[in-house]
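Respectively, the protein sequence lines represent chains Z and F. Numbers 0 to 182, taken from numbering that gives the first Met the number 0, label the letters of the first sequence in order. Numbers 0 to 412, taken from numbering that gives the first Met the number 0, label the letters of the second sequence in order.
Heads up, some of the hints might be wrong.
[Unchecked claim] Far from chain Z, some chain F residues (derived; all Cβ distances over 10 Å): (1) Arg18; (2) Ala268; (3) Ala330; (4) Asp404.
[Stated by the list, open to error] Here's a subset of chain Z near chain F, in silico, CB distances under 7 Å, partners left out: (5) Val32; (6) Gln70; (7) Ile74; (8) Arg100; (9) Gln128; (10) Leu131; (11) Arg133; (12) Thr153; (13) Ala156.
None of these hints come from the bench; they were simulated from the model. We treat Cβ as the ideally placed atom computed from N, Cα and C, and that holds for glycine.
Listed below are the residues making up each chain.
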Amino acid sequence: MKAPFDPTHSLKFDLGRGRVSVDNASVRLVLPVDALKKLCETAGDDAVHDFGFSIGTEIGRRVANRLPAIQLASIEDVVEHLGGEMALMGVGSLGIERWGRALVFVVSGDPFGASGEVLVASLLQGAMQRALSREVLPLFLSRDGEQVRFLATTPQAASKIQAWLANGVKWGEALAQLQTGAS
Amino acid sequence: MTEVDVQQRIARLEGLLSRVLQRRGQPRSAPAPENGMAAAAPPAAAIDDEVVDLADDDIVEIRESSLPAAAPARAQAVVPSPVPPPPLELAPIVQPPPRVQPPTAAARVEPPAHLEAPPPLALEQLPVEPESYSGPITSSDIPVAYEPEPSQPPPAHDGGMGWPSSIPPRAETPSETSFAESEPPPPVQAQRPTFGLDFDDEPPASSERSIASSMDEALADAAAREVPLKTPPPESGPQEAVIIPRSSALPEPDVDEALPGAAEAARIAEGVPTSAQLGNTVTLEEGSEVEFEVEAPAESGRKESAPPPSEDFEIRLPQREAGGTYDSKLAPPPEAQSELDAHRERAAAAVLAPAEPAESVDALGDTLPDETEVFERSAVRHGPVTSVTGAPQRFRPGSFLELLDASLKLGKD
Chain Z
0 MKAPFDPTHS LKFDLGRGRV SVDNASVRLV LPVDALKKLC ETAGDDAVHD FGFSIGTEIG
60 RRVANRLPAI QLASIEDVVE HLGGEMALMG VGSLGIERWG RALVFVVSGD PFGASGEVLV
120 ASLLQGAMQR ALSREVLPLF LSRDGEQVRF LATTPQAASK IQAWLANGVK WGEALAQLQT
180 GAS
Chain F
0 MTEVDVQQRI ARLEGLLSRV LQRRGQPRSA PAPENGMAAA APPAAAIDDE VVDLADDDIV
60 EIRESSLPAA APARAQAVVP SPVPPPPLEL APIVQPPPRV QPPTAAARVE PPAHLEAPPP
120 LALEQLPVEP ESYSGPITSS DIPVAYEPEP SQPPPAHDGG MGWPSSIPPR AETPSETSFA
180 ESEPPPPVQA QRPTFGLDFD DEPPASSERS IASSMDEALA DAAAREVPLK TPPPESGPQE
240 AVIIPRSSAL PEPDVDEALP GAAEAARIAE GVPTSAQLGN TVTLEEGSEV EFEVEAPAES
300 GRKESAPPPS EDFEIRLPQR EAGGTYDSKL APPPEAQSEL DAHRERAAAA VLAPAEPAES
360 VDALGDTLPD ETEVFERSAV RHGPVTSVTG APQRFRPGSF LELLDASLKL GKD
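Between the sequences and the hints, there should be enough to build the whole structure, so can you do that?
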């Protein structure tokens, strides 16, 4: 059963009080991206990771709220709701690619660019943890223009893949080798 | 005409001939006039010889082998023609004998009108030289054809005057021909006999024969004259065989030179062996008596053909029905005995153990001869012949969580 994402009346602007809210619950800020980027650049990876992970947890919670049986939710449903929430926050459009048994997140249109990879990866990690209770390490694979690919993997596998990529192996071949060795 | 008259005339002609010969070396008449015309008539004083009056029956043949060759061309004879001779009216121009012109050039040329003929002379006044007084003979003055009578000998072919033809002579300009300057014309090869005297040619043999008065006489004469022919050539006509007189005959040929086989035939006829037989005869001594027995062929499977052999020594081949048969009691050759035994052993082994797997070639190498090698395929073992390898099952995650878990399992040892 497919549950479409319905963002109707999700974001409210209270101009009298000077507040922006989502679903009448949490207060949001509308900030310029460049200012945030400078902040992230000066804060360091850990702070960015924590910043992004906290944003992802909030997204995960909202997805879980929308999908009561998220454990049984299909890929399409997850992409629909998770992607919807990310889009509502303005961090880009989410897509999912399946390379055999490997799950690859594809985020396109993120406003941070090359300096925002850690932020986006931490966001995805927090969302998975909050929505699905899985420790997922999103590993950066590649960037093709505005598209950024992240492999949902573990810290052990991530170390191998990074070693292959460091040796010049293409990310597609690395995915193949990963699946060959795993099987 | 009696014989005396003939003799007299001959004498006169001989005298005439002698005078002609005497005057051959004398120069001719006066030079030609201005117009180039030759003097037709010599002066009258030159004519001091007697004039011979010849009649038609004065035709004689004078044979004078001593005369030069040119003489016949100048000799003139009385024209024996039934037509009376033309009037003795000498032409002003002495023309050479008319030449036979080709028909294309035939054109009658009248003599020039301005030339006046001298007064006619009598025959007695004419010079003796016949050529000087030979009047111009035109075609109108000469009979159209001359047909000699059968009894007359044919006229000589080579004469001073050719047989006049119906074609008029070619007109010659005075400048190119004059009697004084002209040399005697070349003898014209006339196609028909002339009336002139012939001093060279022998009369044909037929002229000396008497003419047969009847057919029987002619046949009898021909039979009498018939001579054996000696290999007549096809185109040369009959030739008379040379009769060798008996006195000069060749001696009798020797026996050896006689026809081949003649002597042998004579000896055979006499019952005497010939020389060839005697030379090749070898006397053989009689040998001891030896008895030869000819055994009849034993009856066997081979059956000869039905017709007995003929006397022409033809060899009859066995008929078709005898082909392919052999005697079962025949023993095999010793060199094939070993192979036959081996074959029988293999056949027996194959009957006793047909299901046993075939032995390898190496194992059979000791038993089989070197020339024969048997390669047999081993028995097929029953079992699954085919095995199907299916395509790997595609991973179809039922949920996002399943895919996530599968992805997290990748890279775990």
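Structure-based check of each hint:
1. Arg18: 156 Å, holds
2. Ala268: Non-interface label on Ala268/F holds, nearest chain Z Cβ at 130 Å vs cutoff 10 Å.
3. Ala330: Consistent with the label, Ala330/F stays out of reach of chain Z, its closest Cβ about 79 Å off (over 10 Å).
4. Asp404: 7 Å, violated
5. Val32: 29 Å, violated
6. Gln70: 5 Å, holds
7. Ile74: The hint holds - Ile74/Z has a Cβ within 7 Å of chain F, the shortest such distance being about 5 Å.
8. Arg100: OK, holds: Arg100/Z within 7 Å of chain F, min 4 Å.
9. Gln128: Since chain F brings no Cβ nearer than about 11 Å to Gln128/Z, farther than 7 Å, the hint is violated.
10. Leu131: 6 Å, holds
11. Arg133: 6 Å, holds
12. Thr153: Holds, about 5 Å.
13. Ala156: 2 Å, holds
Violated hints for the displayed structure, listed by number in ascending order: 4, 5, 9.
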